[in-house]
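Asks: Sequence order for the protein chains is A and B.
This note's numbering numbers the first residue of the first sequence as 1 and each following residue consecutively.
This note's numbering numbers the first residue of the second sequence as 577 and each following residue consecutively.
Simulated from the structure, these hints should not be mistaken for laboratory data.
This one's a predicted model, so the numbers in the text were calculated from it and none came from an experiment.
Mixed in with the good hints, there may be bad ones.
To be verified - A few chain A residues facing chain B, derived, Cβ under 8 Å:
1. 63
2. 90
3. 145
4. 437
5. 439
Cβ atoms here follow ideal geometry from the backbone N, Cα and C, with glycine treated the same way.
Protein chains: 2
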Amino acid sequence: MLYSKLFGKTKKDSKKYDSANATYLQKGGFIDQVMAGTYTYLTLGLRVLNKIEQIIREEMDTIGQEVLMPALTPIGNWQKTGRFETVDILMKATPANIFAKAKNDTEYVLNPTHEEIVTPLAQRFVLSYKDFPFALYQIQNKFRNEPRVKSGLLRGREFRMKDLYSFHTSETNLKEYYEKSKEVYLRVFKRLGIGKDTVISLASGGSFTDDYSHEFQTLCETGEDTLYYDKSSNIYFNKEVAPSKAPNVNYKDEGMLPRKDVEGKGIIGVGELAEFLNIPVEKTTKTLIFETDDNRVIVAAVRGGYDINEDKLRKVAKCKALKLASATTVKKVTGAEVGYAGILNLPKDIEIFLDESIDNRLNFETGANKTHFHSTNINFGRDLPKPSKFYDIKVAKAGDLDPKTGVEYQVFKASEVGNIFPLYTKFTEAFNYRFIDRDGKEKPIYMGCYGIGPSRIMGIIVEKFHDEKGIIWPSSVSPFGVHLIGLDLRDESIKSKVGQVYKVLKENNVEVLFDDREETTAGNKFADADLIGIPVRLVISKRTGDKIEYKQRKESKSELLSIDQLLLKIKSLKIQ
Amino acid sequence: MLYSKLFGKTKKDSKKYDSANATYLQKGGFIDQVMAGTYTYLTLGLRVLNKIEQIIREEMDTIGQEVLMPALTPIGNWQKTGRFETVDILMKATPANIFAKAKNDTEYVLNPTHEEIVTPLAQRFVLSYKDFPFALYQIQNKFRNEPRVKSGLLRGREFRMKDLYSFHTSETNLKEYYEKSKEVYLRVFKRLGIGKDTVISLASGGSFTDDYSHEFQTLCETGEDTLYYDKSSNIYFNKEVAPSKAPNVNYKDEGMLPRKDVEGKGIIGVGELAEFLNIPVEKTTKTLIFETDDNRVIVAAVRGGYDINEDKLRKVAKCKALKLASATTVKKVTGAEVGYAGILNLPKDIEIFLDESIDNRLNFETGANKTHFHSTNINFGRDLPKPSKFYDIKVAKAGDLDPKTGVEYQVFKASEVGNIFPLYTKFTEAFNYRFIDRDGKEKPIYMGCYGIGPSRIMGIIVEKFHDEKGIIWPSSVSPFGVHLIGLDLRDESIKSKVGQVYKVLKENNVEVLFDDREETTAGNKFADADLIGIPVRLVISKRTGDKIEYKQRKESKSELLSIDQLLLKIKSLKIQ
Chain A
1 MLYSKLFGKT KKDSKKYDSA NATYLQKGGF IDQVMAGTYT YLTLGLRVLN
51 KIEQIIREEM DTIGQEVLMP ALTPIGNWQK TGRFETVDIL MKATPANIFA
101 KAKNDTEYVL NPTHEEIVTP LAQRFVLSYK DFPFALYQIQ NKFRNEPRVK
151 SGLLRGREFR MKDLYSFHTS ETNLKEYYEK SKEVYLRVFK RLGIGKDTVI
201 SLASGGSFTD DYSHEFQTLC ETGEDTLYYD KSSNIYFNKE VAPSKAPNVN
251 YKDEGMLPRK DVEGKGIIGV GELAEFLNIP VEKTTKTLIF ETDDNRVIVA
301 AVRGGYDINE DKLRKVAKCK ALKLASATTV KKVTGAEVGY AGILNLPKDI
351 EIFLDESIDN RLNFETGANK THFHSTNINF GRDLPKPSKF YDIKVAKAGD
401 LDPKTGVEYQ VFKASEVGNI FPLYTKFTEA FNYRFIDRDG KEKPIYMGCY
451 GIGPSRIMGI IVEKFHDEKG IIWPSSVSPF GVHLIGLDLR DESIKSKVGQ
501 VYKVLKENNV EVLFDDREET TAGNKFADAD LIGIPVRLVI SKRTGDKIEY
551 KQRKESKSEL LSIDQLLLKI KSLKIQ
Chain B
577 MLYSKLFGKT KKDSKKYDSA NATYLQKGGF IDQVMAGTYT YLTLGLRVLN
627 KIEQIIREEM DTIGQEVLMP ALTPIGNWQK TGRFETVDIL MKATPANIFA
677 KAKNDTEYVL NPTHEEIVTP LAQRFVLSYK DFPFALYQIQ NKFRNEPRVK
727 SGLLRGREFR MKDLYSFHTS ETNLKEYYEK SKEVYLRVFK RLGIGKDTVI
777 SLASGGSFTD DYSHEFQTLC ETGEDTLYYD KSSNIYFNKE VAPSKAPNVN
827 YKDEGMLPRK DVEGKGIIGV GELAEFLNIP VEKTTKTLIF ETDDNRVIVA
877 AVRGGYDINE DKLRKVAKCK ALKLASATTV KKVTGAEVGY AGILNLPKDI
927 EIFLDESIDN RLNFETGANK THFHSTNINF GRDLPKPSKF YDIKVAKAGD
977 LDPKTGVEYQ VFKASEVGNI FPLYTKFTEA FNYRFIDRDG KEKPIYMGCY
1027 GIGPSRIMGI IVEKFHDEKG IIWPSSVSPF GVHLIGLDLR DESIKSKVGQ
1077 VYKVLKENNV EVLFDDREET TAGNKFADAD LIGIPVRLVI SKRTGDKIEY
1127 KQRKESKSEL LSIDQLLLKI KSLKIQ
């Protein structure tokens, strides 16, 4: 392709974007922002997106069949699963104006995911045990009512998605398929050039299950996720679910000091409190009161410096939903205003969940359950009985240990490139989709879902592979195989030579972006090539004689090659 | 592909659908309806759709560059062109529930077409005369707030669309490109197998221009459009714009009879009136009163048996919009209740537009402009002056002549497969998008738009190519090149032979759908093959010995071929 004819050339503006992918993809002419969260893929960007999607498609074809569901569907499907009224990223389509309303006043769901559509679809076609297991997938635009969209292609209101759904006659069969899908996913990421740095992490199973779901995370300094890695067991946990044991606090053995109640009105946060009391933060205690969906009031506490992980708390408290208790409830339970709750003298009928980080401390602080007061030098066994059981209800932080192995986690930043969920019977039950077994009986169907976001991956690849000059595409997804630069093009012999090389490369099925601009300086052409990031740059000029200058984007040294040497080189790199 | 593993097999249900494409595409397992107007493309259907889109893509690449714009865009763009408040097929996306509203309470347009998005996109990148002309296209899902969706894939609420937009520095350049686009479109339709029956017809230019737009219409008995063809000039007109001259009415020369006013209360329509008065319908006159957007009241009349074409009337009356006058206005103008308006004794200041079909009649009828009365035996020159000018303001009907040539039209049913519009400066002006010419001055940009609906075409191909047994795909868009049927598969030697043929065909890059089901009867397999409509059917059974039975879907005779003969045959048919 001739660069002079390309729509969407590089931009020289000095505009600041919030991420590397937003910067380089926009300055390089790959994408153009229509509004926060939606982009046009320009010619270069669409080529990258298509290559990513083709790799995903080829691998998904080994475990499923491609279909294409509509984005616009009836509201009824979503009401059946109870998600129409509750999913906060859900959008609906309505008539835009009074004329439209007069013409057809119906509302539809604009799907952010397709469980509600694929389940009844499968149900219309497959009922017999003979036809299981099977899996359907699609690659398609999804819509999400995102409040904060940021980081270029990483989080959008409309984005590309590959979603696969599998159907099984038993949990065992689902799990076998689920394991196989992991291998296929890892193959995809390998082919996309991010395999080396992509790991599987355990993540929340959502509201469907207490099981983990599995995320594919690409380690990346600018990643928005945090992974906790236990080297001894070789397991990565997403921060949101990482089990954690707080490291012991080591102080000099001062013995038990006499309990004191200290007035400290309006002190906010454990940092301020520790300073006020002149004790380490680790000696403070954070106590929160919650109300559950089954109308219980519970108390939860963690060591100062930690936060409560509501997901973990929900599980140990065996409830479906939690919210912070109202001021009235707090007053009723603790006898104090909000801000002075502690673990002392609580009513007998209140369930108390203490994180294990509370344990093994001498002379610690807790709210006094008395307005404006904090109690210090508290000790289990003296000031309150030591509970028979401690829990893990905290958000993990750096320095924590894996409770199973006692090994300190390594902590990594990462970006999610895929997520797979065992859905079990959540959706098939909602649609009353059951199969007829060999014995003629109706039985439940098990389901899994498996997502990869191609547009998001395009952004992550740029986050991962760039330098201060621009992008460095892995060759499998590069918009072109080589970037051919012609210099001194007003010299007819050079112009003819570079035209000839362009022709030969194309005849050899090499995808070439040919910078044929006559009025652009060599410096600008090189800068554009670095910004666009095609893996191989070729230069032909007065200086290169009868050779062609060859340079890889990721390296600094160049060499002069004959056309035959060049073709061999390109073949050996498997560049197209 | 193994038919036994295919998701979306043929359906035996006796459900009635409203069209051939809805019937065969659903029974054949190509598509599945999610709701009226939105479908899932199943594996077979998606293969057809992809082939159609790939042909379109390859041809569009010769005149434009592919990009991909979002469907979800800001409302502001549509307000700039004034279309947000008026376009009645426009939908917007809004939060689906209270949680979503709390998260992000913004509304967006869900685009049915992309002029409002592509114009500012082009403006952000191309301003210099050097970079014109250029054209961008995309293939994408569009959304339309359709009140009545019907006929399978022919009219949907979400559908596939290829839309191309071209930008030019002069009207001449736009027109050159526009003519070139017609050739490219005709190549597309030829490759899709509908070239022979696809014609270009003149159609309405919409609200942008008094010029015609151009439709590509595939002649088809079940088509929803009507074309008027003048063989002498070789021009097809869409009925909505066909200029028309009514054929002369030949009666015996009875001379002028005395005028009579006849009481005929509550007679509805010219048919009933003609019967009541015992005259031919052609002697009646249909008179309507309109109000215009510039506050005029006008009278329009056509010969009984015709309807008024408001588009034509709008043009001769030189106004932008028309609506039927209120009863009050009718009373004021005619002195009578609605239903008795005529062309006699109208106020002097009222503009009257008489269709040419009114002329050349003796003793005709007209409303008496007197409640309950009709005047008969009216003659120009005696009862009212003959107007100096007659117009063409009627909807053409069979039997009409092309006014330019005097030749009677041939009338055809057809389905629209493409539509191209010269948009001129309508959108570029709305966005103040101008280019900088060689002389440094800002000048207007001319624009064209060019649509083809791939999913609609899939439906039209089925409407065009089917028989009572099912679909007969053109080979360029068939989901597979050959349909291989194995019979007697419980016989291991047959099973092994057919497996071998399947392998050899795949090795020769032939796309094969292999019906490998062991428990299905030969009759059902043949019926499925006819329904699915792949151009070539191969059968291997006990009877075929060491040969393979070869039959084309469109023919009834079969022949026995060796594998080598078969491969040659397939090569010669260019089937893949």
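Asks: Does residue 90 of chain A meet its interface restraint, that is, does its C-beta lie within less than 8 Å of any C-beta in chain B?
Replies: holds (4 Å)
Asks: Under 8 Å is the threshold here; is the Cβ of residue 63 of chain A close enough to any Cβ of chain B for the hint to stand?
Replies: This hint is violated: residue 63 of chain A lies away from chain B, its Cβ roughly 12 Å from the closest one there, beyond 8 Å.
Asks: Would the hint on residue 439 of chain A stand, with a C-beta cut-off of 8 Å toward chain B?
Replies: Violated, about 19 Å.
Asks: Can you verify the interface hint for residue 437 of chain A: is its Cβ closer than 8 Å to any Cβ in chain B?
Replies: Hint violated; residue 437 of chain A Cβ to chain B Cβ min 18 Å, cut 8 Å.
Asks: Holds or violated: residue 145 of chain A as interface residue toward chain B, Cβ cutoff 8 Å?
Replies: The hint holds - residue 145 of chain A has a Cβ within 8 Å of chain B, the shortest such distance being about 5 Å.
When each numbered hint is compared with the structure, violations occur for hints 1, 4 and 5.
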